[in-house]
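Mind the numbering: the sequence shown is residues 1 to 178 in full-length UniProt numbering, read in order.
It is possible that some hints are incorrect.
Pairs of lysine to any residue, SDA-like flavour, derived with a Cα cap of 20 Å [stated by the list, open to error]: (1) K45 - T86; (2) K91 - L165; (3) K100 - L172; (4) K67 - L52; (5) K87 - M12; (6) K98 - F112; (7) K148 - K170; (8) K16 - D37; (9) K170 - I79; (10) K170 - P114; (11) K41 - D3; (12) K13 - I79; (13) K41 - M95; (14) K87 - D3; (15) K87 - L165; (16) K87 - L52; (17) K100 - M113; (18) K2 - K16; (19) K87 - K148; (20) K2 - L42; (21) K91 - A121; (22) K10 - V36; (23) K41 - K148; (24) K58 - I175; (25) K41 - M27; (26) K100 - P114; (27) K41 - C30; (28) K98 - R173; (29) K87 - D37; (30) K45 - K87; (31) K58 - F112; (32) K58 - K148; (33) K98 - L178; (34) K41 - F61.
The hints are simulated quantities; they were obtained by calculation from the structure and are not laboratory data.
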Amino acid sequence: MKDEVRQAIKSMKTNKATGSDGISIEMIQCLDERGVDIMTKLINKIYDTGELPEDLTKSIFIALPKKPGATECELHRTISLMSHVTKILLKILMMRMKSKTGPEIAKEQYGFMPDKSTRNAIFFLRMIIERSIEVKHDIYLCFLDYTKAFDKVKHDNLFQILEQLDIDGKDLRLIRNL
């Protein structure tokens with residue numbers, strides 16, 4: 001676990017706002033060996049109990065306007081500022097799960113993937129359309145809008161899938177408790 005904590009701390013982006021605890025990632029990255037040991041013990045305790053201390057569950061929510069002068073709720077996006085200690089815990093969870101979930105993700109998925117973006121997908125789609133026009137070949141497209149798709153996820157089904165992927169029981173319990 002200590003190596004995972006070190007790796008997670010090292011991989012965190014700097015110059016980010018702090019959560020409600022006021023601890024910056026730069027402060028955490030300055031920890032000596034004793035400090036990393038203490039953080040490792042805290043994270044091990046969280047894993048063993050499946051419970052996060054209340055301070056680590058607190059976030060600061062900020063509504064940012066999508067366009068200047070926005071007054072309607074729909075014209076804002078919300079960001080959440082959470083503790084960097086919580087972010088480190090989540091990073092460890094993500095690193096553990098990535099090896100098991102990665103092979104299950106289709107190579108055609110571009111959203112929410114590292115080194116890929118929907119811009120890449122749009123570029124490839126445009127190339128396909130242009131090529132179809134050049135060779136005078138019919139092309140049929142269907143676009144689906146998954147507005148608020150993440151609001152409709154059936155969490156029980158999601159956990160069944162994670163269990164089928166053999167995600168560690170402690171990791172699953174912790175995810176359920178987040």
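Tested hints:
1. K45 - T86: 13 Å, holds
2. K91 - L165: Distance of about 19 Å is within 20 Å: holds.
3. K100 - L172: Distance of about 13 Å is within 20 Å: holds.
4. K67 - L52: At roughly 36 Å apart (the allowed maximum being 20 Å), L52 and K67 break the hint.
5. K87 - M12: Holds, because 8 Å separates the two Cα atoms, which is no more than 20 Å.
6. K98 - F112: Within the cut-off at roughly 13 Å; holds.
7. K148 - K170: 29 Å, violated
8. K16 - D37: 24 Å, violated
9. K170 - I79: 28 Å, violated
10. K170 - P114: 26 Å, violated
11. K41 - D3: Within the cut-off at roughly 12 Å; holds.
12. K13 - I79: It holds: about 16 Å lies between the C-alpha atoms, which stays within 20 Å.
13. K41 - M95: Holds, at roughly 19 Å.
14. K87 - D3: 16 Å, holds
15. K87 - L165: 23 Å, violated
16. K87 - L52: 12 Å, holds
17. K100 - M113: Distance of about 15 Å is within 20 Å: holds.
18. K2 - K16: This hinted pair is violated, its Cα atoms lying about 24 Å apart.
19. K87 - K148: Violated, at roughly 24 Å.
20. K2 - L42: 11 Å, holds
21. K91 - A121: 27 Å, violated
22. K10 - V36: Roughly 12 Å separates the two Cα atoms, so the pair holds.
23. K41 - K148: Given pair K41, K148 is violated - Cα atoms ~38 Å apart, limit 20 Å.
24. K58 - I175: 16 Å, holds
25. K41 - M27: 18 Å, holds
26. K100 - P114: Cα-Cα ~16 Å, so holds.
27. K41 - C30: 18 Å, holds
28. K98 - R173: 17 Å, holds
29. K87 - D37: 17 Å, holds
30. K45 - K87: 16 Å, holds
31. K58 - F112: Measuring from Cα to Cα gives roughly 25 Å; hence the hint is violated.
32. K58 - K148: Not satisfied, since the Cα-Cα distance of roughly 24 Å exceeds 20 Å.
33. K98 - L178: Given pair K98, L178 holds - Cα atoms ~18 Å apart, limit 20 Å.
34. K41 - F61: Given that 20 Å is the threshold and the Cα spacing comes to 29 Å, the pair is violated.
Going through the hint list in order, the structure does not satisfy hints 4, 7, 8, 9, 10, 15, 18, 19, 21, 23, 31, 32, 34.
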